[in-house]
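Undergrad: Could you put the whole structure together from the sequences, leaning on the hints where they help?
The lines below spell out each chain.
There are 2 protein chains.
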Amino acid sequence: MSARTSSDPARDIPEATVARLPVYLRALTTLVDAGTSTCSSEELAQAAGVNSAKLRKDLSYLGSYGTRGVGYDVEYLRYQIAREIGVTQDWPVVIVGIGNLGHALANYSGFRSRGFRVVALLDADPRRHQEAVAGVVVRPFADLERIVEEQDVAIGVIATPAVASQDVADRMVAAGITSILNFAPSVLAVPDGVDVRKVDLSIELQILAYHEQRKSSAAEVIA
Amino acid sequence: MSARTSSDPARDIPEATVARLPVYLRALTTLVDAGTSTCSSEELAQAAGVNSAKLRKDLSYLGSYGTRGVGYDVEYLRYQIAREIGVTQDWPVVIVGIGNLGHALANYSGFRSRGFRVVALLDADPRRHQEAVAGVVVRPFADLERIVEEQDVAIGVIATPAVASQDVADRMVAAGITSILNFAPSVLAVPDGVDVRKVDLSIELQILAYHEQRKSSAAEVIA
Numbered sequence: 031m032s033a034r035t036s037s038d039p040a041r042d043i044p045e046a047t048v049a050r051l052p053v054y055l056r057a058l059t060t061l062v063d064a065g066t067s068t069c070s071s072e073e074l075a076q077a078a079g080v081n082s083a084k085l086r087k088d089l090s091y092l093g094s095y096g097t098r099g100v101g102y103d104v105e106y107l108r109y110q111i112a113r114e115i116g117v118t119q120d121w122p123v124v125i126v127g128i129g130n131l132g133h134a135l136a137n138y139s140g141f142r143s144r145g146f147r148v149v150a151l152l153d154a155d156p157r158r159h160q161e162a163v164a165g166v167v168v169r170p171f172a173d174l175e176r177i178v179e180e181q182d183v184a185i186g187v188i189a190t191p192a193v194a195s196q197d198v199a200d201r202m203v204a205a206g207i208t209s210i211l212n213f214a215p216s217v218l219a220v221p222d223g224v225d226v227r228k229v230d231l232s233i234e235l236q237i238l239a240y241h242e243q244r245k246s247s248a249a250e251v252i253a
Numbered sequence: 031m032s033a034r035t036s037s038d039p040a041r042d043i044p045e046a047t048v049a050r051l052p053v054y055l056r057a058l059t060t061l062v063d064a065g066t067s068t069c070s071s072e073e074l075a076q077a078a079g080v081n082s083a084k085l086r087k088d089l090s091y092l093g094s095y096g097t098r099g100v101g102y103d104v105e106y107l108r109y110q111i112a113r114e115i116g117v118t119q120d121w122p123v124v125i126v127g128i129g130n131l132g133h134a135l136a137n138y139s140g141f142r143s144r145g146f147r148v149v150a151l152l153d154a155d156p157r158r159h160q161e162a163v164a165g166v167v168v169r170p171f172a173d174l175e176r177i178v179e180e181q182d183v184a185i186g187v188i189a190t191p192a193v194a195s196q197d198v199a200d201r202m203v204a205a206g207i208t209s210i211l212n213f214a215p216s217v218l219a220v221p222d223g224v225d226v227r228k229v230d231l232s233i234e235l236q237i238l239a240y241h242e243q244r245k246s247s248a249a250e251v252i253a
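Heads up: the protein sequence lines correspond to chains A and B, in order. If you want the working numbering, it's the position in the first sequence, counting the first as 1, plus 30. If you want the working numbering, it's the position in the second sequence, counting the first as 1, plus 30.
Treat each hint with caution, since some may be false.
Pairs involving identical chains hold if they fit within one copy or between any two copies, as the list cannot separate such chains.
What the hints assert, rightly or not - List of simulated lysine-lysine pairs, DSS-like, C-alpha gap at most 30 Å:
hint : residue 1 : residue 2
1    : 84        : 245
2    : 228       : 87
3    : 228       : 84
Please keep in mind that the hints were generated in silico from the structure rather than gathered at the bench.
TA: Following this line, the structure appears as C-alpha cells:
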C-alpha cells in the first residue's frame, strides 16, 4: 500500500467536495497557464464559481490551508488536488458506442489532458469497424473482455442508445470494469462495488432556464 | 409581471440548490413513471443521490415541506420544481457547430422532454448546410440574427471548436441571446447580464477516477 495519506481509504471526503475538486483543478490550471504563482482563497473561489468559505472548507480535507497573508501556492495546490483525485495516474478508458456522441468523446481533448487515455473504441455495428477516430481504430464489441484484461481497463464509457446500455454495462462489469460513465439516457443496474455516474446533458440547460426565467420576470417588473 | 411568487426576482435561491433542482426533477419523473404517488424525503434523497437534510432544506426554498407521516406528493412536487426551474415553459434553442457533438446534441431526446426546443442548427461550413438532423435543417451561421429575432431565442448552445467559440458567443450576444451553454473547451468573455455555463465532459470521469483510486488502495490494504 502507498504511504500517501491521501489515498487512505479510511479517510472520507464528502461527495460534494469530491465533485468540486475537478472544478478547482480546472481553475488552478487556468491560473498556472496565466503565470500566477500564488492566489488568495477569494481569487480561487471566484475562478471556480464557489464561495470562499466553502473552498477553504473543501481544501481543509486535503490538509491545504494556504499561508496567511500569502494565500495558496497555485502549482503545489494543483498537484495536491490532481493527486487526490487520481488524475496524476494513467487511466486506460474504453468507449462503447461510436455514433456521433462516441466520435465527439473520442475526439475530446479534455480527457487525455486529465490522465484519461482512450485505449479502445468498440461498436456492435460492423460498418463502423476499421474506422479510426483520433488515431484509435473502432473494433467489435466482442473484443471488450480481451481489451479490458490486456490493458487493465477500470473505467468504461457508454455512448450507446439507451436500449443497449444495460447489456453493455453487464458485459463491462463481467469483464472486470468497476467504474462506468453513462451517457445513455437510462438508469443502469450494477452490483455493489461498481460506480456508475450519469451525464445528463440537459442539467446545465435547465440551470440556464432558471436564470433566464428570472431575467424575464425582472424585466417585466422594470417595464 | 406574473403573480407567481416562484418567479419573484427578489427571492434568491442559493446557486447550489438551483443546480440540484434538475436532479430532483429527474428523480421525481422516475418515481412518477414507476407509479409512485407519495414519497418520503429519505426516498427522494436516495433517488437523487443527496442526503435528506439537504433535500429538505432545498425544497424549503420552494415552500415545499411535505406532509408529516405522508411525505411529498410526487406529481405536485414535480410540477412545483419544473415551474420553479422554468421547464414548464417552451425554450427555443439554437445550436451552433454541427460536428459530431452538435449532431449528438441535436439528436438528444433529453432536451425536448424538458421544454427545450431546438429551432435551428447553424454551421459556418457550407458542406453541412441543407443536411437535416433530427428533422431540423442545418443553416448558415449568418442566419443567426434573423432566427434569434423571429423565434425569440434566449438560449444558445456552442458546440464549435474552441478557436471559434468566442466569435460565436459575441455574435449570439449581439443578436440578443442572454444565456449560453458552452461545450467548447474555452473560457468565454461576455457582458454582464449574460449567463454562461460550461459543460466539461471530463468532470464526471474525474469523480470516477477518485473513487477508482480509493478502491485500488483499499484492495491493496486487504491484499
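Undergrad: Now tell me if each hint is right for this structure.
TA: Now the hints, each set against the structure:
Taking CA atoms no more than 30 Å apart as the test, residue 84 paired with residue 245 passes in both settings, with 27 Å inside one copy and 27 Å between copies. Taking the closest pair of Cα atoms, residue 228 and residue 87 come within 30 Å of each other both inside a single copy (27 Å) and across two copies (24 Å). Taking the closest pair of Cα atoms, residue 228 and residue 84 come within 30 Å of each other both inside a single copy (25 Å) and across two copies (21 Å).
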